[in-house]
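Go by the hints and put chains B and C onto chain A.
Protein chains in written order, with the working numbering: chain A, -17 to 769; chain B, 61 to 226; chain C, 692 to 983.
Simulated from the structure, these hints should not be mistaken for laboratory data.
Honestly, I wouldn't trust all of these hints.
[As the list claims (entries may be wrong)] Listed next, the in silico DSBU-like pairs over lysine-lysine satisfying Cα-Cα at most 30 Å (straight line):
#1 A/760 <-> C/943
#2 A/256 <-> A/329
#3 C/853 <-> C/695
#4 B/76 <-> C/749
#5 C/976 <-> C/786
#6 A/750 <-> C/954
[Unchecked claim] Quick list of simulated restraints, FRET-style, between CB atoms:
#7 B/138 <-> C/755: 35 to 41 Å
#8 A/677 <-> C/936: 50 to 56 Å
#9 B/88 <-> A/566: 41 to 47 Å
#10 A/756 <-> C/740: 49 to 55 Å
#11 B/215 <-> A/558: 43 to 49 Å
#12 B/173 <-> A/757: 49 to 55 Å
#13 C/793 <-> B/176: 16 to 22 Å
#14 C/938 <-> A/677: 31 to 37 Å
#15 A/677 <-> C/939: 17 to 23 Å
#16 B/215 <-> C/964: 39 to 45 Å
#17 B/138 <-> A/566: 49 to 55 Å
#18 A/682 <-> C/899: 41 to 47 Å
#19 A/1 <-> C/783: 56 to 62 Å
Yeah, the Cβ is synthetic: ideal placement off N, Cα and C, and Gly gets one too.
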Amino acid sequence: MTMATKHKFSKDYVDPVGKSVPRIDGKGIVTGQIKYAFDVSFPNMLVGKLIRSTIPHGKIISIDTSKAEALPGVHAIITAKDTHQIKFGSNEYFFPHTVDQMPLESEKVRYIGDEIGAVAAIDEETLEEALHLIEVKYEELPCVVDPLETMKPGAPLIHEARNNIAVILPVNFGNPDRALKESDYVREDLFYMPAAHMAALEPHVCVGQWETFSNKITLWSSSQAPFKCREALAKTLKMDLNDVRVIKLAVGGGFGGKLEMLPMDFAACLLSKKAGGLPVKICCNREEEFLATRRKHGMVYKLKSGVKKDGTLMAITGEVIADGGAYCSYGPTVLAAAIMRIFMLYKIQHFRVTGYRVYTNTSISGAMRGFGGVQAGFAIESHMDLLAEGIGMDPVEFRLKNITTPNMVTVNKMVLTTNGLKECIEKAVEACAWKKKHGKQKHLCCGIGIGIAADVMGSKMYKSHESAGSIVKVEEDGSVYLFTGAADTGQGCNTALSQIAAQELGVSYSRIRCKSGDTEITPFDTGSFASRVTFISGNATLLAARDAKKQILNVVAQEYKLPPEDLDIKAEAVINKKDNSVLINFDKALEICYSFNYGYQIIGRGSYNPKTTPIDFRTGEGNVSGSYGFEAQIVELEVNKETGEVKILKMWDAHDIGKAINPQSVEAQIEGSLTMGIGYTFLENLHFDKKGRPANGNFANYRLPRGFGIPPMECILVETNDPEGPFGAKGMGEAALLPTSAAIANAIYDAVGVRIKELPITPDKIIKALREKEALEKQHNQVEVIP
Amino acid sequence: MKTLIINKKKYELDLKGHETLLEVLRNHLGLTGTKTACEETECGTCCVNIKGKAILSCITLAYNIEEEITTIEGLSEGETLHPLQKTYLETGAAQCGFCIPGFIMASKALLEKNPEPTQEEMDYALDGNLCRCGGYLRIYDAVIQAGKEMKKLNDQEPRNIATCKG
Amino acid sequence: MLLKPFSFHSPTQLAEAATLYKDLPEVRLLAGGTFLLSNLKSLKRKGLKTPKNVLSLKRIPELHGITADNEQLIIKSMTTIDELFESLLLEDNFKILRTVCRNISTQPIRNMATMGGNLTCRYTWTEMPAAMIGLEARLHFLNGEGTESVLSAEEFFKGGAKTDKILTHVVIKRDKECSIAYRRVRKSSNVDIPLLSLMIKTTFSENRFTNTRVSVNNCVTFAQRDIILENFLNQNICSARITEEALDHLDKTIYDTRSNEYKQHMFRVSIKSALNELVQNQKNKNENSHYQ
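The following block holds chain A by itself, in its conformation from the complex (with noise of 0.2 Å):
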């Protein structure tokens, strides 16, 4: 069967962007053939595990590893001595003091879980009778857990920084104080949200293997940004990027925690090397998931604004502490996107939010899916609830009075470009019909938050640029390859960038084969967080299929000797754009390109770099994305009096995306917010004991949400058409996260008048919140009594 009666070409034909096509991958998946990193197997595989510290604080006095070394079927054991001692890190280029983590620590621990050394062996259990024979001697030093107490004077220092503060941001914008004097009603809250963990299904998983003869890495990774992972590979090997190879499988889930290298990375491709090139294979089980990998910061966020009686929102002010766990890894980033999210949603002039982000001796934060926004969103939409209550204003039209609008530029100096965020509430409004069920204290009631999406901190995430690559190959039989940096973890967005791809061609996405993550083979991309992929990615690949077509319509023409800028490619066919004119089928055009007379092979290449300024840390300024989304939640839901329960009874989310380029793909993205979001609010909640060890790291106790805890969704699309983006399409991804927990805890406040302001929101504090109330009103009606 040739091409061309495989692609029904032109009148066949059907536009692939904003459709629901399947995903390109989807077989594989179904049929449980598709391999992840999880399930990659070699013979003569080595599989190895790291050494981890016992104690939460100390320092290293000796590690003695002789034993093990002797064992039959150990074949390599690595310490900070066989490394070369270079310490990594994810906020480089602002903060360079934050690049604190060593791939094997050598003189001191700072949690339980720190790696200070790994083994390969045969087997499993010669790799775990090794481990017991491995001795470390350390000096134990006090350790602090909590994040408050660990800014106190006296408390451990966990690294040089003073208060084991990591990182101070001070974001400060025209006259707080003044403005809070002018307001008519201020208001002071208090925020707590707790420590989460990414809980991907996949574990962290790797195989290094290090190639003797040429000294070449290959790493294959559950990777969600294999480019990071390969810069920090070649830092901390002393490598030059082309010698080493991270190849990013399918991944089964990120969420954020695999935004890294992490120890395990380097130690495996180490471990091979030591062990003269056999591949060794380094898998978390479920309790190191929670112990060592990456979390979801815990924060406190204090925040005192003031409003008019109109409405006006005049200052904001306040304080944020994120617990960052031992090292810093992305935890700047995370704190700047938990204040600077603010601007993006609210008209606000007078700004004073200082963050902290603190070190304890507990597991690393990372950045979880929402990159601080999640805990942000919490504290700062329940507090927008509770300012418009205290002007007795309505939380929708509070909102719509403060929200920022298209074509402004925030104080900050953020660009906003389309922002369908009005049209997004309006929306959700309308859908679930606020006005009749607001404020009605039935126990039947609705809450609203809303969110943000945004290439959040997109500038110098990596170390000078922030670009995506993606090559376009059309090859000799009409077939399309399309190579691409970015990196799917499920959200689909191979299968997005493949729509994006042949709709710029002009043929049929069935033609398009899309290979991505491989550092060897794909364009560079700095890889999927901070729902950045559909725009920047997205728009690379864009651009790459637009070379590659203007390529093949350079050929044609010269064939045909037309002028190239009056041809193009629809609907599988070259047409004269003078009459609409088919010209030739597109497998007949790449004949041509192939033929004797030309040989001329289509390469379609695109660059895109978003037009973003880098975010100045000491004044909070920058426009950090070249677009923002936007989204607004409504959730209605019932509180069960007796037993604290609360039962939701359905979600309403309309998202501005810019364009679906896959609207099934967006709103399945939107729904698995949600429900993360569910688990945020009501279950997920990681708590640590004495030691800064999890207390609950195992699914048995830390509880994920399932299919009968889901409500109904409605997804709406807002398109907004971005100039900017592919096809008008923006990020997503995030945004649904965001608001979740405030929309469930202002809907539970409408319900029953008790606002909880700490996550997770559990039953036993509603009863107890319930019951505080109700002798409130007691005594009030005491008092009132008394003439």
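Quick look at chains B and C alone, frame taken from chain A:
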């Protein structure tokens, strides 16, 4: 030596006796469709079918199995996908895909017993499977649609003349 | 996860199994495997000792099946929770077992877990113990010498559910007259961590509570009866008022010893709810017979 019949194929395995079915599938036979995300009975990604029931292979000793086993690899016939595989694709239920084999096997057990389950029956039958990416709603949709398809196929099967006799 | 090695035994005769269980050193019984295998993994993770021998009861035909007649229901110990749930024999007082089964864990676990395992695993988060005490079940065992013995469920759990014998079957007497309510309190509707399993069984005689049994589990180490509540109810008539008053007549050592305020509150909510159900059902029965 232990004989296991998996996806209608007979395997003679040299086992020691303490291997779980999950290990045998993934490490001995290279059938990596069946996964594990927790090794503690919570995630359901290790779900296979034995005697038409959803069974967790991570807590099943290979040596203790007498019956035939079906894994995700045994569902499609050549290029033809099982109705569940089709509908999981069509509804957008599959995102990262890690949970999907386990979910499909649990769904298959449900639908073969009852192709028209109520919401409550689906809640119960699938309460052992976790999905972190998606919202579960599409999974339920996929199950309902596949059930309709499976019922149609069952109804269309030619009746055995012998059983019709009085 | 690779388990620590052990020798696997799978006899086809009950007598052989009983002998092996007596003679094999450091042996654990394998019923459904849901408890044992999880436990073996946990022991390995913690670096603790694991058994040398595992004795599977799967291939013993006498341990499978459910039978019933006018007098009683016999549940063989290798019956899975799912098989019990699907059984068409659960009528009269046996019907409540369907509710109990529904509350156990998740579907794959219900497909694998057995009656025998649920009763003998000595793990606190189980449902059958309270139910068996409530239904006055009698547990039948077989020892290594081939001698049978019988113990009431209540006695078994009073003894800490310890036994060196094989549980072969459970017998429950049929009772067409009694009323039963069952509650399982979870940490929250989405969090399957059980706080309380509660069964209240009573026979209304001229609208009075008689032969009341209140059995609880999960908030205590081993399932037991709340005699104080039983005594109170047995002195009273079925009425809505009773459900409130009953909360002042509880064995507080069961509910309040290791519980925070919320748990104490939820226990009382559930007891009240269970009693309300019994009272309401009785009321409906009275009204129906009135109209007949």
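A quick look at each hint next to the structure:
1. Only pairs whose Cα atoms come within 30 Å are accepted, and residue 760 of chain A paired with residue 943 of chain C is accepted, the gap being roughly 29 Å.
2. Taken as a hint, the residue 256 of chain A and residue 329 of chain A pair is broken in the structure, with Cα atoms around 58 Å apart against an allowance of 30 Å.
3. Among the hinted pairs, residue 853 of chain C with residue 695 of chain C is consistent with the structure: their alpha-carbon atoms are about 25 Å apart, no more than 30 Å.
4. Note on residue 76 of chain B and residue 749 of chain C: the hinted pairing holds, with a Cα-Cα distance of about 19 Å set against a maximum of 30 Å.
5. Restraint check: the Cα-Cα separation between residue 976 of chain C and residue 786 of chain C comes to about 17 Å, which is no more than 30 Å; the hinted pair holds.
6. Proposed proximity of residue 750 of chain A and residue 954 of chain C is supported: the alpha carbons are some 12 Å apart, at most 30 Å.
7. Between residue 138 of chain B and residue 755 of chain C the Cβ separation comes to about 38 Å, which falls inside the hinted range of 35 to 41 Å.
8. The beta-carbon spacing between residue 677 of chain A and residue 936 of chain C, approximately 40 Å, falls outside the hinted interval of 50 to 56 Å.
9. The hinted window of 41 to 47 Å between residue 88 of chain B and residue 566 of chain A is violated, with their beta carbons roughly 55 Å apart.
10. Residue 756 of chain A and residue 740 of chain C have their C-beta atoms about 53 Å apart, which keeps the hinted 49 to 55 Å range intact.
11. A C-beta distance of roughly 54 Å is found between residue 215 of chain B and residue 558 of chain A, which places it outside the suggested range of 43 to 49 Å.
12. Judged by the Cβ atoms, the range 49 to 55 Å given for residue 173 of chain B and residue 757 of chain A holds: they are separated by roughly 52 Å.
13. Between residue 793 of chain C and residue 176 of chain B the Cβ separation comes to about 20 Å, which falls inside the hinted range of 16 to 22 Å.
14. Evaluation of the 31 to 37 Å hint for residue 938 of chain C and residue 677 of chain A yields a pass: the beta carbon distance comes to about 33 Å.
15. Here the CB-CB span from residue 677 of chain A to residue 939 of chain C is close to 36 Å, at odds with the stated 17 to 23 Å.
16. The hinted window of 39 to 45 Å between residue 215 of chain B and residue 964 of chain C holds, with their beta carbons roughly 43 Å apart.
17. Between residue 138 of chain B and residue 566 of chain A the CB atoms are about 36 Å apart, so this pair departs from the stated range of 49 to 55 Å.
18. Between residue 682 of chain A and residue 899 of chain C the beta carbon distance is about 44 Å. The supplied range of 41 to 47 Å therefore holds.
19. Between residue 1 of chain A and residue 783 of chain C the C-beta distance comes to about 58 Å, which sits within the given range of 56 to 62 Å.
Hint violations for this structure: numbers 2, 8, 9, 11, 15, 17, all remaining hints satisfied.
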